[in-house]
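Starting from the given sequences, assemble the full structure and let the hints guide the process.
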Amino acid sequence: MANYKISLKRSVEKDLRHLPRDLISRVMEKIETLKSEPFPSQSIRISGAERLYRLRVGDYRIVYKVDPKAREITVHYVRERSVAYRSLCTYSKLNQIN
Numbered sequence: 411m412a413n414y415k416i417s418l419k420r421s422v423e424k425d426l427r428h429l430p431r432d433l434i435s436r437v438m439e440k441i442e443t444l445k446s447e448p449f450p451s452q453s454i455r456i457s458g459a460e461r462l463y464r465l466r467v468g469d470y471r472i473v474y475k476v477d478p479k480a481r482e483i484t485v486h487y488v489r490e491r492s493v494a495y496r497s498l499c500t501y502s503k504l505n506q507i508n
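Just add 410 to wherever you are in the sequence shown, counting from 1, and you've got this note's numbering.
In short, the hints are calculated from the structure, not lab data.
Pair ranges (Cβ atoms, derived):
id: 1; residue 1: P430; residue 2: Q452; range: 15 to 25 Å
id: 2; residue 1: R491; residue 2: P450; range: 12 to 22 Å
id: 3; residue 1: K419; residue 2: K479; range: 16 to 26 Å
id: 4; residue 1: R431; residue 2: P478; range: 32 to 42 Å
id: 5; residue 1: A480; residue 2: R431; range: 32 to 42 Å
Derived DSS-like pairs (lysine-lysine); straight-line CA-CA distance at most 27 Å:
id: 6; residue 1: K479; residue 2: K415
id: 7; residue 1: K475; residue 2: K415
id: 8; residue 1: K475; residue 2: K440
id: 9; residue 1: K415; residue 2: K440
id: 10; residue 1: K419; residue 2: K445
id: 11; residue 1: K445; residue 2: K475
id: 12; residue 1: K419; residue 2: K440
id: 13; residue 1: K479; residue 2: K419
id: 14; residue 1: K445; residue 2: K479
id: 15; residue 1: K415; residue 2: K445
id: 16; residue 1: K440; residue 2: K424
As the structure is a prediction and not an experimental result, all values here were calculated from the model.
Virtual Cβ for every residue (Gly too), placed ideally from N, Cα, C.
In structure tokens:
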């Protein structure tokens, strides 16, 4: 299987700055594995969003979008579970408009 291109939103860079140091490497490893396997067995499609998925890394969630035609993965954010899904309400409303 050919590799996917991974792009990180600016919000991801900001999120990574707030993570504990030991967690940053684990998160980046998970993101790197998405290149060759965009739908790992641990990923779960987010209900209400067509191409959004999430991966769990401890108490944190990596939320990403997969575009199979363009072979591209866009990581939207990496946030603590308690906060991660709040942003999805806003995101899904914007997707319905566009």
